[in-house]
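**Q** Sequences are here, hints too, so could you generate the full structure?
Here the protein sequences line up with chains A and B, keeping their order.
Residues 0 to 547 (numbering that gives the first Met the number 0) make up the first sequence, in order.
Residues 0 to 381 (numbering that gives the first Met the number 0) make up the second sequence, in order.
Read the hints as simulated data drawn from the structure, not as lab findings.
All values derive from a computational prediction rather than experimental measurement.
Computed list of lysine to any residue pairs in SDA-like fashion (alpha-carbon distance at most 20 Å, straight line): (1) K118(B) to R456(A); (2) K118(B) to L443(A); (3) K118(B) to T467(A).
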Amino acid sequence: MDRNRNRLTRLPVRRLALAVAPALFLGFFFVYPLVRILQASLAPSGCLDLAAVAEVFTRGSLRQVVWFTLWQATVSTILTVVVALPAAWVFARFKFPGRDLLRAGLTIPFVLPTVVVGAAFLALLGPSGPLGVDLRRTIWAILIAHVFYNYAVIVRTVGGLWAHLDPRLEEASRTLGAGRVRTFCEVTLPLLSPALAAASSMVFLFTATSFGVVLILGGLSYATIEVEIWRQTTSFLNLAVAGALAVVQLVLVGGILWLYSRYQERVTVQQPLRAAADTARRPQTWRERAIVGGVIVFTGVFLGGPLLLLVERSLRTVGGYGFDHYRTLLQGGGGALVLSPYEALQNSLLYSLAATVISLVIGLLAAGVIARGRDLLSRGFDVLLMLPLGTSAVTIGLGFLIALDRPIDIRTSPILIPLAHSLVAIPFVVRSSVPVLRAVREQLREAARVLGASPLRVWREVDLPLVTRSVMVAGGFAFAISLGEFGATALIARPDTTTVPVAIYRLLSQPGRGSFGQAMALATILMIVTALSIVLIERVRVGEAGEF
Amino acid sequence: MWERQASSDDAGLERKSRTVSGSAINGQGGDVLEIEDLVVVLGELQVLNGLNLEVDDGQMVAVLGPSGSGKSTLLRVVAGLLAPRSGRVLWDGRDLAGVPTHRRGFGLMFQDFALFPHKNVAANVAFGLRMAGEEPAAVKQKVDEALGWVGLDGYQERPVTALSGGEQQRVALARALAPSPRLLMLDEPLGALDRVLRDRLLPELRDLLRARGMTGLYVTHDHDEAFSVADRLALIRDGKVVQVGPPGEVWARPAGAWAARFMGISNIFSAEVRGGFARLPWGTVRVASQEVGQRTLVMRPQGIDLLPPDVDASGEGLSADDRALARVVTSTFRGGRYAVTVVLTDGSELEAEVETNRGPTQGDLFEVQVDPEQVIILNDYG
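**A** Structure below.
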């Protein structure tokens with residue numbers, strides 16, 4: 000009896016010990032800065048003072064920012080759904096050569112750093128772009144870039160469900176006398192609504208908190224709340240207003256997430272799903288072939304075009320093509336940059352490695368706490384760790400600037416950058432390791448124990464080898480996220496801690512043909528490194544699926 | 000306690016030299032597993048309800064019971080994977096309560112094998128040997144040996160995920176056997192396999208366990224399997240041992256109607272027994288007992304014969320009312336024998352096995368004759 004009770008109390012103690020480091024980390028680097036933001040905006044002088052928040056809604060320019068944020072996100076979401084839905088259908092319902100490869104390629108834009116996408120669209124929509132129209136600093140540039148960015152979200156999320164819908168439901172509707180459009184509206188669309196809701200709320204969130212794209216393509220004419228926080232902080236040093244904007248954005252994001260979870264509870268219909276392989280077929284009629292072909296070509300050109308153009312621009316020189324811009328990257332940056340782009344690249348790699356290590360250690364400890372139980376500790380921790388996902392990167396950076404002056408002032412320390420990056424990456428590490436840790440069957444651990452393995456040995460022989468792959472995947476993601484992170488870094492990077500995305504932004508905002516070419520070259524390098532790490536992740540993943 | 004009594008009885012039957020009571024044997028030492036008054040509660044559910052069982056050195060005890068009767072839980076407690084609310088597990092007279100799983104030196108073969116997916120066949124089998132600190136050379140030799148026992152020579156380098164169900168079963172068995180556990184527990188070792196494979200592997204498994212003289216617990220819900228492998232058989236229901244004894248004896252004398260029904264006998268009736276006859280709602284049959292009173296009768300299908308109705312089958316001069324007439328409902332040819340289900344005058348059904356070349360057909364009328372030696376009389380009405 001005693002032993003029994005002992006064991007029951009000992010287990011949570013062990014998990015609590017695991018929880019200490021992640022809890023302290025998040026407490027000090029996430030919760031505490033948020034509290035300081037609230038304090039700075041709601042009670043700058045110690046007692047409650049809503050002047051700063053009120054200013055957001057009363058001052059014309061700030062009200063304009065909130066309004067713009069909401070409507071551009073709405074329009075971007077609708078546009079993305081409309082443009083990407085045909086591709087979702089084609090990828091779900093048809094078999095064609097190269098389908099899997101193309102579907103994997105779709106994801107590349109989504110994982111690219113915002114500055115890379117911004118640079119590519121500057122090249123595309125600039126005065127010397129192939130389209131021949133200058134759309135820079137127009138709303139169109141922002142909207143098109145947002146569609147480009149989130150195309151894969153719709154195709155993969157909505158298409159993922161679409162592939163599993165039973166085609167016989169649509170066939171039944173047709174035999175009952177409904178035309179194609181009627182069938183789509185009355186059968187297909189309602190069945191797809193859970194995925195559509197999930198995907199469009201994701202797109203809405205991404206576009207509402209869009210920073211890099213708007214900053215680069217919108218210039219001074221357009222600003223989302225994110226951009227305005229950055230501007231208020233860096234240009235006007237108005238931390239109270241910046242904090243108030245961050246609070247408004249947090250409420251906004253929380254509201255959307257809340258609405259979405261309410262909706263999803265209501266809409267989730269149990270429906271018989273089919274294996275994706277059973278629902279896809281080769282296009283048969285000429286019409287089908289034309290549609291499928293058209294969608295594939297559009298997808299390829301729309302997603303591949305800007306990126307190819309980026310590469311082309313990085314190679315274009317005064318007299319033709321060459322590696323001149325790449326060569327100049329090695330030299331000092333001149334006016335805009337204290338560091339040479341080459342040094343920025345070194346910085347970026349170093350910070351990314353550090354961020355990867357930090358987020359893996361903290362994320363895996365937290366995942367262990369969450370996966371080993373289904374109690375209050377597990378659920379509470381789960382929520383705490385997802386919170387940084389709902390907090391914008393710029394807010395995290397702002398929090399660091401406001402809060403990390405005391406107890407010790409580390410605002411000037413280079414460690415700040417990997418710390419901020421790991422906050423962004425930790426939710427991904429947790430999300431990708433918890434299911435794997437949970438999937439390690441308790442029976443395997445028991446089998447090892449019966450065969451004489453001590454608890455430590457069980458962890459080493461069973462748990463660790465089984466999660467290694469997913470740890471590598473999580474690490475790869477953390478690395479890629481850190482490498483391209485721009486929002487938080489833009490606020491906290493100092494001249495000597497410049498990263499590649501910040502260097503690209505500085506080069507782009509500097510006049511002159513040379514720095515534009517350099518920006519293109521640096522963006523190309525960043526794109527290739529990011530794409531490589533994603534491709535490596537995908538390969539590890541495929542291996543995993545094959546083995547288990 | 001009845002089950003205690005039975006267990007010491009059959010210890011006497013099997014080992015003539017040790018005709019002392021069970022506890023006295025254990026007092027003298029030897030590799031004996033004793034399970035005393037085990038109570039296990041999982042959530043709201045009491046899974047084991049004061050279970051008692053003993054396993055002597057070199058004995059394979061089959062634990063037979065329906066699903067949910069607590070069989071697997073019993074193994075988990077013995078393995079130390081689960082702490083009982085009360086009761087004791089003793090090995091060699093020593094309480095195992097403080098001994099963690101990995102120091103017990105017992106083997107457990109899981110129902111769906113629990114092979115490590117990240118290790119190949121050899122590494123799975125080697126695991127227990129490595130944990131025991133064996134030298135690499137000895138590990139390799141013992142792995143090869145164990146794979147030889149289960150007929151998987153040359154499978155060493157294969158990934159376990161590429162094996163068929165039957166092969167996985169063999170690897171799991173080899174993995175459990177390789178470290179030479181003091182006690183081997185098998186949890187439905189053939190349960191994850193299909194019928195055909197099970198019939199093929201059962202004799203192999205039995206011979207292997209016999210040849211190695213394993214002391215062990217073999218959990219199953221299949222009575223054929225239990226009869227085949229067991230030196231002793233423990234029938235459990237709702238977390239308690241209902242009956243324990245040599246398989247032949249348990250089969251011959253089920254402890255109650257439930258036990259009889261669980262072992263596949265469905266001819267169970269309540270009857271008034273007096274003067275060598277039993278009066279049933281559908282007729283009167285002769286019994287080989289002079290007991291008097293209300294009893295439960297269990298009749299083996301083999302002890303029932305069907306005779307043409309015009310013959311006075313009993314030959315005892317019974318009145319027409321006492322004659323048990325029955326009409327055939329189904330008749331299935333089973334190679335030399337017919338399995339026949341008949342419906343009796345009161346509407347209840349009876350199963351018979353008839354040795355005849357000309358099968359009874361549906362609707363035929365017969366008189367039922369019962370072999371008194373094949374009738375079991377029980378005091379229990381369940």
